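Student: For reference, the chains in residue letters:
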Amino acid sequence: MTDFAISAQHLARSFGETRALVDVSLDIPAGSVCALLGRNGAGKTTTVRILTTLLDPDGGHAQVAGFDIASQADRVRERIGVTGQTATMDELLTGHENLEIIGRFSHLGAAVSRQRADELLEQFDLVDAGTMLVKKYSGGMRRRLDLAASLIANPEVLFLDEPTTGLDPVARSEMWAAIRNLVARGTTVLLTTQYLDEADQLADTIVVVDRGLVVAEGTPEQLKASIGRPSVVVTLVDADQAALEKVRAALGTDAVIRGRSVSAPAADGLETLAAVVTRLEELGVPVHEVGLEHPSLDEVFSTVTHRLGDHSPDAPAAVPA
Amino acid sequence: MSAVALPRQSSVQRGLVDAYNATRRYLIRGKRQPDIIFGSVLFPVIFVVLFGYVFGSSISVPGGNYHSYLMSGLFAQSTLFASSQVAVAVATDMNEGVIDRFKTLPIARSSILIGRSVSTIVLGLPALGVMILCALAVGWRPENGIFDAILGFLLIELFAFALSWLGILAGLIAKSSQAADVISSIPVFLLGFVSNVFVDTSKMPVWLRDFADWNPVSAVVAAGRNLFGNTIGPPPSGVWSLEHPEITTIGLALIIIVVFIPICVRRYSRTSR
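For the protein sequence lines, the chains are C and B, in the order given. Heads up, the first sequence is in the numbering used here, so the first residue is 1 and it goes up one at a time. Heads up, the second sequence is in the numbering used here, so the first residue is 322 and it goes up one at a time.
Everything labelled a hint here was simulated from the structure, so no lab data went into it. It should be emphasised that the depicted structure is a prediction, and the values quoted were computed from it without experimental measurement. One should not assume that every hint holds.
According to the in silico footprint, chain B covers these stretches of chain C (three or more CB under 8 Å from chain B) [said to hold, decoys possible]:
no.	segment
1	45-57
2	92-98
3	101-115
In this text, a Cβ means the ideal position worked out from N, Cα and C, and glycines have one as well.
Isolated chain B (complex conformation) (with noise of 0.2 Å):
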């Protein structure tokens, strides 16, 4: 018996073929669980309603309205939250037959992770939607424009696909999805609240303030403020970070890309487990 004739493509068009269908497994799983859907767009309401109400009710913001400027915190932080939970998920993956399977299948080994990736993106933009119309009716609005608002979801999507490699390593690396919700939910609470997300980091005490300055997350939230229109005074000064939050937000991406999907790959490929 012969083997179905394979069409010859060059690997890369494989790949791509292989990543396509990879992803297209994640979102048809995606959409069977309608429950994870609308808690990851339950959680967003609840925290425009908690932070921009309960704290907000007694934080100020020099010259500015505390809603607008918490916005662009809280798409900041829900990017970090979304890669804890592709943490989970892949450590999740991992212990299922069904990924030992696909690597006996002549597939890219890229493939199951950028599926992964990408998915969680695709699978996060309900969430995303939803809370940019809380955000809307709670009276954040785009002050420079609906191009400079686009900029800014793009370069906060951006950060978000690189951190999910981030997520992705966690759940490679972690024996067991309880492992990965530690390990990943550690640096995902120091740098989200360590930062610029929910206050002004200027009366922070010496030691915290240049840790909440100098955390990437706030140059991200910095970026978003730039591009919706919703800073409030100049950056600090000496923090090149936040002058430059836009640049530094892209740069940092991108290193996280190059450098991490390389190590997921590999780590993902290492037969002898």
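Just chain C, with the same shape it has in the complex (with noise of 0.2 Å):
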């Protein structure tokens, strides 16, 4: 057993012509929440779909909750949970026998299997829409019960394949809190999602993938700090523009005026924080508000994404605003 739940290397898949993986490899270790963040055909489909034994990878190797994923297939299938992208649900069996039979299918037996289903139906608030047919569940329900689905048999290692795509906020923001509640149990989660937010929320580590590249990976915080430092931000009263340009002049030569903002790097944090204030006082401008401003993961998507997509990595890195 190695120390990591999901271990790949060098991962490739392509599709005729198109490459859909050039060279993507993840470590994630067990018990953790990894998110693989990207733009959609960007490669993380491909990538679920090769961990979870349901495509071949041209090139590179994996193993997943210790086995590898093409000696040993049956081994990890026995160990993984799936939720894919498109409802794979039975439309025409009620939400208890949808579990029932994967429970059967993972060689629980009938009652055992029936009971999982029973308290997965619970935990997921599903009570009520046990028996009804899947054909009349909305689509909030529908991902709760494949969910539900893939955890009939207690799995090591779960994959989301974009849990929330689709969702309005409500049936979404519930999502999260039953995935929140999988991760406090232990289960270590690779889940793709298009949102930063869901990934900045879910996640331990983000691997961010860009046409079948792994562009940039680290915690939520590492990236927001590997892209750029914070900014210091002075917000004024009013557009007064003779005031605007006193700020902007206090604070240094990369200050900039936006609306009735002023910001300006924040070289060493809070320190720079504190001098400013002091400044503005010195100043005597009406200030409305100051305050430090992290760059946003979507900065970081924009500029690691962008930066390959041009070709230039040159380009200029987002300024934090």
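Combine the two chains into a complex, taking the hints into account.
Tutor: Here you go:
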């Protein structure tokens, strides 16, 4: 057994002329949550399909839960749960029947499968819907049932492929709560998402993929720090040009005016902030608000993916506004 | 968190359990689609009436009753239509996410397909029952007794099981359910109609007659007629498959089963799609 629940080395996969995956390596420690972040077509789903034994890679190899995905596929399948991007529940079966069949296929036996189905319906707030045909379910209910199904056999590693895509905000936050709940129990989770806030909310580590390559990885904080330092932002009471110019001059040569705010890089973080506050007091300009702003993951994302997309490493990194 | 302890079973035992569970799933689904069962029951009724009375009034078979002659043909032909339906159903299945989920579960690769095949036979039984009742109503009788008749139906069902695997393969190859319908309908119509199902082949033009005589469906029909006691006249001379239709049917079914089940399972489990 390795210490990693998922370990992939140089996965590659092409579909005809299209290189869906060029080179993706991952090491995900047991019990952690990793978000694979990328746009549509970045290679997220292909990675998940390979790691869940649905697709053979053209190159590279991987171990999931300590077993090789190619030579020990059945061992892997006994230890994973998968929730796909598309609804993978049977419309003509009830929620309970769907869960039971997955339990039976996981070799839990009929009695245990039914018992697990009951437990999971309760856990995911689907008790009333348990006897209803899935075709009558709402989008959010389907996703929750799908997630419940992937937990039937208490998997060591859970794959969630865009678990909240297409859900309304309420259903989405319900899904987030359900996922957090699982993580608290120690399940290793690999989730894919196009939403930065989702990655930021749920993941311990984020791997940004673009055009089949890993373009950045780290904790959400590391990623934010990697593309720039925080900036100090001074917002005035009104857009008085004279006052704004005065503040800009006080904040140094890199300061820029945006609307009724002036922002400048805060090289020393809080110390810079304190210094700015002192200078503002000396200036006597009416100030509405002063604060530090950290770069958002949005900026990290657009920076790392644009850099690669433009093939110009010198493309200007997003300036923290 | 540890995985739920799995009872240790041999892989054969597990495979059988998986196949049973898959069959059970298809049977539940079948029960939820009464319109499809209704259609499959109605179809043969229409056929018995349509061919029995519309054609039957102008087709005569020397020294026999056309209704009795026709029934074995219709029983055999219904297995062809069923295999075409399997092709469409499998193609539909493969485009649904649920099959992807099954592929991530530790089940025997063959189980889903076996479930599809076995459930097709089981869900087809009501239609067969209704067809037998219709046949009895229009005057068909198993002249050789009940035992031979049962043997005849077993033979036809064996052929149906074998054919369902050809349907499954067509469904796996087809990109869509529409494509599966087209791919499977052409052989079904060729084999189903250029045969001895409706008429005696002896009056066909030579090239067509050769095809009809050697058509495996003709052998199945002839085997049914022999066992039901509805055979009229001797088989065309020199056509081995019609001279020994029972052996031909069993042999052909076994060959299809042995050759095509592994091909279907390989095609299904091919991960690189």
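Student: For every hint, state whether the structure bears it out.
Tutor: Hint by hint, here is what the structure shows:
Check on the segment 45-57 of chain C: 5 of its residues sit with their Cβ under 8 Å from a Cβ of chain B, so the three-residue criterion for coverage holds. Only residues whose C-beta sits within less than 8 Å of a C-beta in chain B count toward coverage, and the segment 92-98 of chain C has 3 of them, enough to reach three; the restraint holds. For the segment 101-115 of chain C, the stated coverage by chain B is satisfied: 9 residues place a CB nearer than 8 Å to a CB of that chain, which reaches the threshold of 3.
When held up to the earlier numbered hints, the structure conflicts with none and fits them all.
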